Each structure stands twice: as structure tokens, then as C-alpha cells.
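Since the structure of chain A is provided, determine the placement of chains B and C on it from the hints.
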Amino acid sequence: MKKNLLVVLILALVLVLSACGSAPAAEAPAEEMPAEEMPAEEMPAEEMPAEEMAEAFKVAIIMPSSITDLAFSQSMYDALLAVQAEMGGEAAMEIVYSEGMFVVDDAAAAIRDYASEGYNLVIAHGSQYGSSLQEIAPDFPTTSFAWGTTLNTFSDEGITNVFAYEANSQEGGYVNGVVAASLSEAGVIGVVGPIEAGDAALYVKGFVAGATATNPDVDVKVSWIGSFSDVALASESANTHIAAGADVLTGTAQMVVGAIGVAEENGVLWFGTQASQTSLAPDIVVANQVYDWKVALDQMLANIENGVYGGEAYTITLANSGLVMDYNGAYDLPEDVKAAADAAVAGIIDGSIVIPVE
Amino acid sequence: MNEIFSATVIIGVLSSGIRLATPYLYAAIGETFGQRSGVLNLGVEGQMLLGAFASFYVALTTGSLVYGLLIAMLVGALMGLAMAYVTVNLHAEQGISGIGFYLFGLGMSELLFKMLLGTVETVKGFSVVPIPFLSQIPVLGEIFFQQNILVYIAFLLVPVAWFVLNKTTLGLKIRSVGENPEAADSLGVSVARIRYFTIILGGTLSGLAGASMSIALLNVFQQNMTSGLGFIAVALVYFGAWRPWGVLAGALLFSMVNSLQLWMQVLNVPIPSDIAVMLPYLLTIIVLVATVSRVRSPAALTKPFDRGD
Amino acid sequence: MRSRLNSLFDALMPVFATLAALAVGTVMLLILRVNPGEAYGALWEGAFGSTNAVAETLVKATPLLLVGLGICIAFRASVINIGGEGQMIIGGILATQVGLTFTDLPGWVVIIMAMFAGFLGGAIWGGIPGFLKAYFRVNEILSTVMMNAIAVQLMNFLLRGPMIDPAQAEKASKIPQTARLLEAFRLPRLAPTRLHIGFLIALGLAIIVYVLLWRTTLGYRIRAVGQNPHASRYGGIRVRRRIVTALLLSGAFAGLAGAIQVYGVNYRMITDGSASGFTGAAGFNGIVAALFGQLHPIGTIPASIFFGALLVGANKMQRVVQIPSALITALNGLVVVFVVSSEFWRKQRQRQRLSDNNKEENPPQDGDISAPSAEEVLTS
Numbered sequence: 032m033k034k035n036l037l038v039v040l041i042l043a044l045v046l047v048l049s050a051c052g053s054a055p056a057a058e059a060p061a062e063e064m065p066a067e068e069m070p071a072e073e074m075p076a077e078e079m080p081a082e083e084m085a086e087a088f089k090v091a092i093i094m095p096s097s098i099t100d101l102a103f104s105q106s107m108y109d110a111l112l113a114v115q116a117e118m119g120g121e122a123a124m125e126i127v128y129s130e131g132m133f134v135v136d137d138a139a140a141a142i143r144d145y146a147s148e149g150y151n152l153v154i155a156h157g158s159q160y161g162s163s164l165q166e167i168a169p170d171f172p173t174t175s176f177a178w179g180t181t182l183n184t185f186s187d188e189g190i191t192n193v194f195a196y197e198a199n200s201q202e203g204g205y206v207n208g209v210v211a212a213s214l215s216e217a218g219v220i221g222v223v224g225p226i227e228a229g230d231a232a233l234y235v236k237g238f239v240a241g242a243t244a245t246n247p248d249v250d251v252k253v254s255w256i257g258s259f260s261d262v263a264l265a266s267e268s269a270n271t272h273i274a275a276g277a278d279v280l281t282g283t284a285q286m287v288v289g290a291i292g293v294a295e296e297n298g299v300l301w302f303g304t305q306a307s308q309t310s311l312a313p314d315i316v317v318a319n320q321v322y323d324w325k326v327a328l329d330q331m332l333a334n335i336e337n338g339v340y341g342g343e344a345y346t347i348t349l350a351n352s353g354l355v356m357d358y359n360g361a362y363d364l365p366e367d368v369k370a371a372a373d374a375a376v377a378g379i380i381d382g383s384i385v386i387p388v389e
Numbered sequence: 031m032n033e034i035f036s037a038t039v040i041i042g043v044l045s046s047g048i049r050l051a052t053p054y055l056y057a058a059i060g061e062t063f064g065q066r067s068g069v070l071n072l073g074v075e076g077q078m079l080l081g082a083f084a085s086f087y088v089a090l091t092t093g094s095l096v097y098g099l100l101i102a103m104l105v106g107a108l109m110g111l112a113m114a115y116v117t118v119n120l121h122a123e124q125g126i127s128g129i130g131f132y133l134f135g136l137g138m139s140e141l142l143f144k145m146l147l148g149t150v151e152t153v154k155g156f157s158v159v160p161i162p163f164l165s166q167i168p169v170l171g172e173i174f175f176q177q178n179i180l181v182y183i184a185f186l187l188v189p190v191a192w193f194v195l196n197k198t199t200l201g202l203k204i205r206s207v208g209e210n211p212e213a214a215d216s217l218g219v220s221v222a223r224i225r226y227f228t229i230i231l232g233g234t235l236s237g238l239a240g241a242s243m244s245i246a247l248l249n250v251f252q253q254n255m256t257s258g259l260g261f262i263a264v265a266l267v268y269f270g271a272w273r274p275w276g277v278l279a280g281a282l283l284f285s286m287v288n289s290l291q292l293w294m295q296v297l298n299v300p301i302p303s304d305i306a307v308m309l310p311y312l313l314t315i316i317v318l319v320a321t322v323s324r325v326r327s328p329a330a331l332t333k334p335f336d337r338g339d
Numbered sequence: 212m213r214s215r216l217n218s219l220f221d222a223l224m225p226v227f228a229t230l231a232a233l234a235v236g237t238v239m240l241l242i243l244r245v246n247p248g249e250a251y252g253a254l255w256e257g258a259f260g261s262t263n264a265v266a267e268t269l270v271k272a273t274p275l276l277l278v279g280l281g282i283c284i285a286f287r288a289s290v291i292n293i294g295g296e297g298q299m300i301i302g303g304i305l306a307t308q309v310g311l312t313f314t315d316l317p318g319w320v321v322i323i324m325a326m327f328a329g330f331l332g333g334a335i336w337g338g339i340p341g342f343l344k345a346y347f348r349v350n351e352i353l354s355t356v357m358m359n360a361i362a363v364q365l366m367n368f369l370l371r372g373p374m375i376d377p378a379q380a381e382k383a384s385k386i387p388q389t390a391r392l393l394e395a396f397r398l399p400r401l402a403p404t405r406l407h408i409g410f411l412i413a414l415g416l417a418i419i420v421y422v423l424l425w426r427t428t429l430g431y432r433i434r435a436v437g438q439n440p441h442a443s444r445y446g447g448i449r450v451r452r453r454i455v456t457a458l459l460l461s462g463a464f465a466g467l468a469g470a471i472q473v474y475g476v477n478y479r480m481i482t483d484g485s486a487s488g489f490t491g492a493a494g495f496n497g498i499v500a501a502l503f504g505q506l507h508p509i510g511t512i513p514a515s516i517f518f519g520a521l522l523v524g525a526n527k528m529q530r531v532v533q534i535p536s537a538l539i540t541a542l543n544g545l546v547v548v549f550v551v552s553s554e555f556w557r558k559q560r561q562r563q564r565l566s567d568n569n570k571e572e573n574p575p576q577d578g579d580i581s582a583p584s585a586e587e588v589l590t591s
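Chains as they are written, first to last, in this note's numbering: chain A, 32 to 389; chain B, 31 to 339; chain C, 212 to 591.
Hints listed in this document are in silico derivations from the structure and should not be mistaken for laboratory results.
It should be emphasised that the depicted structure is a prediction, and the values quoted were computed from it without experimental measurement.
Hints may contain errors.
Stated by the list, open to error - Where chain C lies over chain A, by a calculated footprint (3+ residues, C-beta under 8 Å):
| id | stretch |
| --- | --- |
| 1 | 125–137 |
| 2 | 222–234 |
| 3 | 258–268 |
What the hints assert, rightly or not - No more than 27 Å apart at the CA atoms, straight line, and that leaves these computed lysine-lysine pairs for DSSO-like:
| id | chain 1 | residue 1 | chain 2 | residue 2 |
| --- | --- | --- | --- | --- |
| 4 | A | K89 | A | K325 |
| 5 | A | K325 | C | K558 |
| 6 | A | K252 | C | K382 |
| 7 | A | K369 | A | K325 |
To be verified - Stretch-level coverage of chain A by chain B, calculated; a stretch enters the list once three of its residues show a Cβ under 8 Å from a Cβ in chain B:
| id | stretch |
| --- | --- |
| 8 | 90–103 |
| 9 | 160–171 |
| 10 | 242–254 |
| 11 | 281–288 |
Virtual Cβ for every residue (Gly too), placed ideally from N, Cα, C.
The following block holds chain A by itself, in its conformation from the complex (with noise of 0.2 Å):
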């Protein structure tokens, strides 16, 4: 048995010996990397060359879910590398992000630690992460920080640098349900929630309130399946609405992509929000409402321009452009419908359309 413990550390040291010796030989391709073949937002640069360093400016973004989950946290990311984009690449403009923080006292010290380090604005995505800021940002004054969804500044505590952005995601609900209402012929809708609170409220709040505007008597059935992780609930859950009937499908938060499957499946049409979930579906996803956050960052990074750290909060809304309608090409909407989209869509933005959220 010594001889076992024996070849075990002896292997344990080669691998730590050659991941010393091999560290060097790794670094120097990397430098080289995002000249040549590194795509620009799979590694945002970690050294700036010097000449360009004092110019770049620096967001940090910390969110609860993933770049990539066609929900929620992507939203934010997209819209961020969009921005960098327009503004000149990385040379001008730096995003580091912290993925998976769903434990709010780690997303706390991910703040702090950005704030620290320097970073210009540092964004924290997610509802729950509110208290963090509120300690910290005071520590940090020339640092501005962002909190969604909220529209909650602080600026009664005192605080002068955090902005707050919030989606209206009730208004693209609301075109949603009224699409859905259109197309539904079984006169039942079925939507899957995560739980009830925050944006996915919002967002179910305006979709009813749409569909049954457009036809009173069309039942829109809502089930919440108590988290925004399980995609085997939210699935079965997809699997009731339509064997109570329901021909038309929407719903919201990352653990819905089970529900797309479902419902294409099925031959169900589903109803999209956050992101565009096309790409999941594309022969039965009608629209989807994407979030369009450009519009928030560009005025925050022009407030940060004049010396405005923060005390302003915005929304993104249909009338602002930073709700989008996304319709999906592949899918032959009647011109009837669409035109009642357009019109809800009109309403929305000249306030002749209030939609009940409270």
C-alpha cells in the first residue's frame, strides 16, 4: 500500500511540475491570441496594450444566470457588447463578467472586488443583489454602479452613484397576448412562470392582460413552477396547458427552453421574452419581446461622461426602443394580426393603451 501512496504522489507532483514548467509556454500564445483568431467577446482583453490603456473604459457585469441563457443575463451581456461595438472594440471599451452568481453574498464580494480594482461602472443584474450595493457603493464614490431590474437609486439613502434600469416587460407581454389571443383557436393560452415576482410578474401581468383584451373570452391559464432552474417542471408543465386544451404557449425565465421543446413537439405556437428564443423553435415561435438594454447604457455612460455617477434610473420600454418586437420570418403572420400587434404596439407608446400592472 506505500507503493500506492508513493506512485500517487509522484504523479501528483510531475503534474504539478509540469503544469509550472509548461505555465510560461502557455502565456506567450495567449498574448498573442487576440490579435489573431480570438473572437472579440470570448475573451475580452485582460491587458490592454499601454498606449491604450488610459483610455478604455472599464464595465464589470455580475449576473445570476449565464451569457449564453437566452434569457435574462444574455440581454444584458448582448446589449453590452453591442455598445462596446459602436464604441471601438476593446481597445475603447473593457467587459469583464462574473457568470453564475446566484449567491448574493458572493455577487457582494465580486462588486466590491471590481469596484476596487478600478472598473468605471460595474453592473449588477439581478434583483437580489439591491442590499450589496447599497453598502457598497457609498465606499466607492467616483465608481458608478448599475442595479436591474429596479428603479431603485438609493438616492433617499444618500447615495449618488447607482443608476437603476428596469424593463416595462409588461408592454411586450401585452403585444404578446394580443398575438396570442389572435392566433389562439382553442380559445385557451397556457404560460409558464418561474416564480411569481418581479419581471416574470410583470411580464404575465401585460401578456393577460393583452389576450384578454382582444378576445374576453379566451382563457389564459398561469402556472408558476416554483423555480427558475428545473426544465423537467417547466416542461411537464408545458405538457398540462396543452392537454387542458391550450394551443398557444408563453413564458418566461432560462428553465422555459423545456417548455420550447414541448410546445414544438406539440405543434403549439409559443410566445417568447428577454431574448429571442427563435433560434429554439423557429417553425412554431410567433414573437418574441427582446430587451434591448443599449438604450440604458448609452445614457448611463453618457452621464458618466459628464461626472454623473449615478441617481438616475431608466426604463426600457416599446417607446424608447428598448423593447423590441421581435417577429419570427419563418412564421406567416396573418396581416390582421399583425396589424393588431402594430396597433397595440401604437397605443402602448401614445398612453392610449394603460395596461394594469399593480
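Relative to the frame of chain A, chains B and C by itself:
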């Protein structure tokens, strides 16, 4: 409220309960073998996730669902092999090494997903195969015989597992190793070999459990898509008191109450959604409390942890 | 001299195992085209590189240590408590409610009451599985797994409705969180960092648990039940009652961890719909910490700090080299597997030394901690 007793609802609850029970069955039957031989594997969830990803990726890239199934079994078996080495040869504490394997599978499956796919995609998975004649039976046909192939296999696994455990020499060896390894050893049964077998079998079935989600029931892979399902599967082994039929009962109870609560929400039964979601967990405990005191089953309460000194 | 070297080597065994796991991680980092030196440098930096880093490590270690202490008690009675997550949640909720109710009382009074409320909440959530195991033979793994899920839904329910922050209740986007605790109710901090007095409470409790288990009759009985339920029953120990006590205490420590998390770190309850959003998975990681600490209260102290460091450092590593957090989860898993496996060699060496002394054959045996359950006694 009367709606809840309508035929649609009853058929809906039962057929969706059967679908939901499928991954639990694979994982819990695998775990049953392991525990019967005296090994607690808490890494089931990690094995499921790796199996789910591997089968999804292979099915997506090769277009072959069969390759997907095979790779899921292989990946699960390899995880099982590692677990067997660690627990049998190195005598590592089982529960903790299981948690280690869980974390490894959780992280690794997501890492591979990010490196190889990058974004959520769907795959054309196993479709529903109505069984000729049987699927025509009113009500019953709709509930039991209009499912996909992996659902049928999962349910067939139960009698097979029961037969192997109770009616074969192999089953006898497995049980004796779990009950009294010294005695088994003195009778010439290789404790290590039996445990390697059961742990690898458990891993294989957990891999299949993952595949049954990613390429049969959901046709999608997402990070942490099992979200605690593997741990429930382990719990169901205790519910079933280490007997395949008991495990089946537990899996069906849990899944059907789960689909019932989905139906309750759909039918607007006025209870808060969080409370509805609680029901399957609550009822599983309650049913166990209510039955165990009545059903005296000595075989049920063997010592799955007992590895003997 | 030689024996001292030997025991030093034994004590460092988990460290060697961790290094071996990190060596495997090196390969994964290289595949991801990340410089391992930089990555591990960041890990160290994040865990111990500055006063603030050390403080963060200790903040992270606090709930691990508390949950771990509970695990020490439960495992000594040979019951497995994997309900730490749920127990932390219930403890956190009850403690928060105290802070929200008694806003007129002095800070220290509320803090003490809240800590007791957390302790009580955890005790209830741990005591139920204990009671079910002792009197209805419901296996505690099953009941604690289920109770975790129930606690999460209960938390979601309370934070969406009865306990929601009044400010949020008025808004359209109802963030599921309670109101913030008054500043006077926060646990005092030990330095200009996030390190709070909760860490000292946990250290003190480690010593108390040690005394409880090895210096009191109750502790003796708990350990006796764990070691040999048959004999202890014949010896007049009420096995059932000890099982309930063990799970109850075990849950109580986790509940206290939840209370301390609220009063020392978050200052409110908030849910993201999952357990780990609040607990940081301490209910599970605490089990691992306790086992690394040889299920000894004092040994659990360095073990929790070690795990706290690993978790905090790993997050820093993600930030610095921008690798998916999944790699870190996988690495943590490897560390757990490697360390738990390294036990084998430690025991081998001890046995070797014993047999060197005794000059007798010592066949290799299952020396692990998972003792036979008391279930056997209950069913006989």
C-alpha cells in the same frame, strides 16, 4: 373544483406522472443496486448531468439517438468506475465522495456545454411510439402506451431489477455483500467485484436517466437542468425501502402529485403556487409516515450503509 | 522526532490532495487556454492576498463551520443530516422576523433574540426529521431532502406575500425580499471589512460542541448511540430520544448559521427562488467541511476556513482570468474527491505505524466514518 375529477384531468395527471417518473426510475433503480450492495452514491445528479449532456451533444452532432444513448451509458459508467475506485479501493467516505462527484458532474457538464455548444439548442429526440393495439385501449392506452421508448424501458427495468435482485445468484451476492460483507467474503464472494458492478451499473443507469431527459422528454440541454432531481431519486430509494417495486411506487407518487399540482394551478384551484409546488415533497413524507408504521417489512430495512468491519 | 514528522505529514495530507486536484485542474485550464500560474495566483490572492481577502474567507467560513458543527453532532449519533439548506432558511426567516417585529428594542437585545430564533428555527426543521426517524422510521436522508425543497417554497411564499418589504409591495416589480433590518441590529464588525462577530460566535461554539460531545453525559450518550446502538440501549440510553436530540441540535446550528447570514452579511432575507441563493450551498459544503475536519468540532475550524478560502478564491479566479464558473465547480468537486480519498493513505500510515509497534497483522479494513445506522435497533 369538480373539473379536477374529469377524465381529461385524470388521464393528464397519470400520463404526465409517468413521464415525470421516468428519470427518477432510472436513477433510483441504479441507486437501489448500489445501496443493496452497501454503497450510498450521492453523485447521481452529477452522473445524470454528464449523461444528459453527452447524449445530447452526440445526438446533435451525429444525428443518431442510439449513439446518444450509448455515450450516456458510457459516461455514466466511467463516473461509476471512478466512484467505485474511490469508495471500494480507497475506502473513501461514500456520502462525501458522492457530493464531490456531483459537483464535478455539475461543473463539467456546464463547461463542456459552453465549450462545445455555447448556446441552448434543441434536438430531435425520441418521439412517442404508440404500442400497437394496447394504445387503442380507451383511457389506459392513452396513459400508458403512448409514450416514448425510454419511458417503456424505464418501467420494464422495475421487474427486471426485482428479478435480478431476488431471483438470481447475482442478486443474492449483491444482497449478501450489502448485509454482511464478511460472511459473503468468507463464502468466496468478492465484495469488491460486486460493488464495482453495482456502482458502475448505477452510473450507467444514471447516465440513461440524464439521456431520458435531454434526448427523449425535453430534447434540450441546459446547465444544471436536473436541478435536484438526482437527490430526489436517492431519497426515493429510501421511500421504496430498497425494493424496485417500492421505488416505483415512490417515483409514481412523487411524480403524480407533482403533475396534480400543475393541474391544480391550471384549473385555478385557489392556493398559492408555492404551496402547490410543495405538495409532492410534503406528501412523500406523509405517505411514508403513514405506511411504514403499518407495513412491517424486515427486508426493507436492511443496512444499506453497513459496509461492515 | 520521527513521529512528529509523521503526524505533520498526516495533517498535511489534505493539502497534498488539494494540490493533486489542482494539478488536474491545470490540464483543464490549459485546454481553456488560460495561464494556470495566473489562475492559481488569483485564487491565492482572492483567498489570502489582503486583509480584505482574509476577511472574506472567514465570512464564507462562518456558515460552513456552524453547519459543520451540527454535522459533527449528527454523525456522532450516526444520523446523516443533509437538510442544512432548509434549516438555514428557516433559521434565517425566523431571525429576520424578530428583527422586523421588535424595532423598538435595543440592538443587542434584538440580536440575541434573533440568534435564538435562528437556533430555534433550525431546531424545528432538524427536529422534525429526527422525530420522524425515531418514531416512524422515516429515513433522514429522504426527509431532509424533501424538507429542503419545502423550506425553499415556504421562503418564496413568505417573501412574496406576508413578509414582503412594504416598499416592494407598492411597486409593480415586487422583488421578493423583506424590509432591511435596522442598522442597530447588525452584527458588529471586527475590522473595516465584512468580517463580523459571527465568526467568533462560531469559534466559541466549536469549543462548546467539543466540550458537549466529550465532557458531558449527553455527549457521551449521543456518541454511544452512534457507536453501538444495541449496547447503548441495553445500557439504558434512550436511543430514540438521542436521535431526535442529535438531529435537533444539528439543525439548530444550521439555523443559527442562517440567522448570522442575515444579521452579519445580507441584513435582510431575499430569494432568487432557490436555496443556494441565500445559503451559498453552505448546508452541503458544511458537511464536506465537517468530514475534512475528521468530524471533530475543533478540526472543523481549519477545514471550514480551507473551504471558505477555496470558494472565495475561486470566485476571484473567475474574475481575473474570465473562465466559466463551471470550471470552478468541477474543480471543487475534484478537490472533495481527492481529499476524501487521501484519508486512505493517512489511515494506512497510522495502521502501518501501529503494526510496526505491535508487530501484528492488521488487515485493511473499512475505516470510514459512516457507521451502521441506529435504524437496526429501531427495527429490531
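Taking the hints in turn, this is what the structure says about them:
no.: 1; hint: 125–137; result: holds (count 11)
no.: 2; hint: 222–234; result: holds (count 8)
no.: 3; hint: 258–268; result: holds (count 3)
no.: 4; hint: A:K89 to A:K325; result: holds, 16 Å
no.: 5; hint: A:K325 to C:K558; result: violated, 59 Å
no.: 6; hint: A:K252 to C:K382; result: holds, 24 Å
no.: 7; hint: A:K369 to A:K325; result: holds, 26 Å
no.: 8; hint: 90–103; result: holds (count 4)
no.: 9; hint: 160–171; result: violated (count 0)
no.: 10; hint: 242–254; result: holds (count 3)
no.: 11; hint: 281–288; result: holds (count 3)
Of the numbered hints listed earlier, those contradicted by the structure are 5 and 9.
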